[in-house]
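Just so you know, the sequences run in chain order A and B. Residue numbering for the first sequence follows the numbering used here, starting at 300 and increasing by one per position. Residue numbering for the second sequence follows the numbering used here, starting at 121 and increasing by one per position.
Please note: incorrect hints may appear among the correct ones.
[As the list claims (entries may be wrong)] Residues on chain B that point at chain A, a partial pick, calculated with CB under 7 Å:
hint, residue
1, F154
2, P164
3, A216
[As the list claims (entries may be wrong)] Covered by chain B, per the in silico footprint, the following chain A stretches (three or more residues, Cβ under 8 Å):
hint, segment
4, 332-346
5, 349-359
[As the list claims (entries may be wrong)] Heads up, simulated DSS-like pairs for lysine-lysine below, C-alpha to C-alpha not over 27 Å straight-line:
hint, chain 1, residue 1, chain 2, residue 2
6, B, K162, A, K308
7, B, K162, A, K356
8, A, K313, A, K370
9, B, K165, A, K308
10, A, K370, B, K162
11, A, K308, B, K221
Read the hints as simulated data drawn from the structure, not as lab findings. This one's a predicted model, so the numbers in the text were calculated from it and none came from an experiment. Just so you know, even glycine gets a beta-carbon here, dropped at the ideal spot from N, CA and C.
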Amino acid sequence: NAGVTQTPKFQVLKTGQSMTLQCAQDMNHNSMYWYRQDPGMGLRLIYYSASEGTTDKGEVPNGYNVSRLNKREFSLRLESAAPSQTSVYFCASSPQGVYYGYTFGSGTRLTVV
Amino acid sequence: RKEVEQDPGPFNVPEGATVAFNCTYSNSASQSFFWYRQDCRKEPKLLMSVYSSGNEDGRFTAQLNRASQYISLLIRDSKLSDSATYLCVVWDSGYALNFGKGTSLLVTP
Numbered sequence: 300n301a302g303v304t305q306t307p308k309f310q311v312l313k314t315g316q317s318m319t320l321q322c323a324q325d326m327n328h329n330s331m332y333w334y335r336q337d338p339g340m341g342l343r344l345i346y347y348s349a350s351e352g353t354t355d356k357g358e359v360p361n362g363y364n365v366s367r368l369n370k371r372e373f374s375l376r377l378e379s380a381a382p383s384q385t386s387v388y389f390c391a392s393s394p395q396g397v398y399y400g401y402t403f404g405s406g407t408r409l410t411v412v
Numbered sequence: 121r122k123e124v125e126q127d128p129g130p131f132n133v134p135e136g137a138t139v140a141f142n143c144t145y146s147n148s149a150s151q152s153f154f155w156y157r158q159d160c161r162k163e164p165k166l167l168m169s170v171y172s173s174g175n176e177d178g179r180f181t182a183q184l185n186r187a188s189q190y191i192s193l194l195i196r197d198s199k200l201s202d203s204a205t206y207l208c209v210v211w212d213s214g215y216a217l218n219f220g221k222g223t224s225l226l227v228t229p
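In isolation and in its complexed conformation, chain B is listed as follows (with noise of 0.2 Å):
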């Protein structure tokens, strides 16, 4: 089974603050990438989807670096509704996705 590795956490970042996370993959074929949410008790959600050129929505922007194999998500001005755990998800043409462990974010006042 192909690996998508995160770094835990928890990162605790103050209201306001931009914090980032990297994922990697470790299949270069990979051809899709996500980053799902998933709150405390609730099932996952799709953020975002990450495109080759980058893509922002709103405060959050996503990367993807095809030559390094990794991914990356900013979050801009932390809310404390983004408290959550953040799930990398990788495509590598199989019949599902492949899921990293997630990492941990949580936003204090």
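Excised from the complex, chain A in its bound form (with noise of 0.2 Å):
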């Protein structure tokens, strides 16, 4: 089916691991975004790619990097994962621009302990 494919769907690490989250959209879409999303902080941006080889500090990056693999391909590594970044993240996409809105993936739930 075509859409927004993130991996892995779960993922428990030990405070300090590194890990890469994945995320792969089939839709010819330009833009892909990584969120968070905490109880009672709704959905939060990490970081966002508007095109293939750009990429931009969304409202949280710390402790984050992102590489735009290619068009359809947008990743997010933890490099050194701390208990603050327990939480579910989910990767989206768009066409040019945010006007007919996002596909979400199906989120990745990651507990650092």
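Could you fit the two chains together into a complex? Lean on the hints.
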């Protein structure tokens, strides 16, 4: 089915470990986004990529890095995981600009112990 | 960052009831408006866009009031399956959408 695919769906890390969250979309969308969602905080933008070859920081970029590997793929890396990064992570994509809204992936539930 | 404010609820309503949510936004230059639905432990999904003239999709009606800077969502004849969190979303020409924190709806038998 067309859409946004995130892997893994669940992950438990120990403090200090690193990992990469993968995201791929097959809708030929130009823009891609990484959000985290925490209880009471809503969705907060970590990083975004307006188009292939560009990435920019969102509201809460500290502790994360991203790579827009090609038009389809946008990965999020945690270099040294901290308990404060325990969250649900959503990748999203949109056509050029966000006028038409986003399509979200199904999310990654990350726990850092 | 521009704000999008919603009453978090929860709104508890019986099946068949009509329920309405409002959302206010702070940037008068906002250009696009949406309602997203998020089920428990799932991703947000687009419910409907909100147009200046208002729009309806089955039991759902969305309205935009630019003068007062609020958006509303009306759900008629509520179903158990309508239980979810409803996110108000606004685009103000920036690089990304602005999300409210959501309003929780629980429809009871």
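Inset, instruction - With a cut-off of 27 Å on the C-alpha distance, tell me whether A:K370 and B:K162 pass. - result: holds (25 Å)
Inset, instruction - Please count how many residues of the segment 349-359 of chain A have a CB within 8 Å of a CB from chain B and say whether that reaches 3. - result: Answer holds; 4 residues pass the 8 Å Cβ test.
Legend entry - 27 Å limit on alpha-carbon distance, applied to hinted pair B:K165 and A:K308: Between B:K165 and A:K308 the Cα gap is close to 18 Å, so the pair holds against 27 Å.
Legend entry - A:K308 paired with B:K221 [C-alpha distance capped at 27 Å]: holds (23 Å)
Inset, instruction - Would you settle whether the hint for B:P164 is holds or violated, based on the nearest Cβ-Cβ distance to chain A being less than 7 Å? - result: holds (5 Å)
Inset, instruction - Answer holds if the nearest beta-carbon of chain A is closer than 7 Å to that of B:F154; otherwise answer violated. - result: Check passed: Cβ of B:F154 comes within 5 Å of chain A, closer than 7 Å.
Inset, instruction - Mind checking the alpha carbons of B:K162 and A:K308 for me, to see if they're no more than 27 Å apart? - result: holds (11 Å)
Legend entry - Restraint outcome when B:A216 is required to lie within 7 Å of chain A by C-beta distance: Nearest chain A Cβ about 5 Å off; hint holds.
Legend entry - Hinted pair B:K162 and A:K356, Cα distance within 27 Å: Holds. B:K162 to A:K356 sits at ~25 Å (cutoff 27 Å).
Legend entry - 27 Å Cα cutoff - pair A:K313, A:K370: violated (32 Å)
Legend entry - Three-residue Cβ test at 8 Å for the coverage of the segment 332-346 of chain A by chain B: Holds, because 6 residues of the segment 332-346 of chain A bring their Cβ atoms closer than 8 Å to Cβ atoms of chain B.
Of the hints listed earlier, the one the structure fails to meet is number 8.
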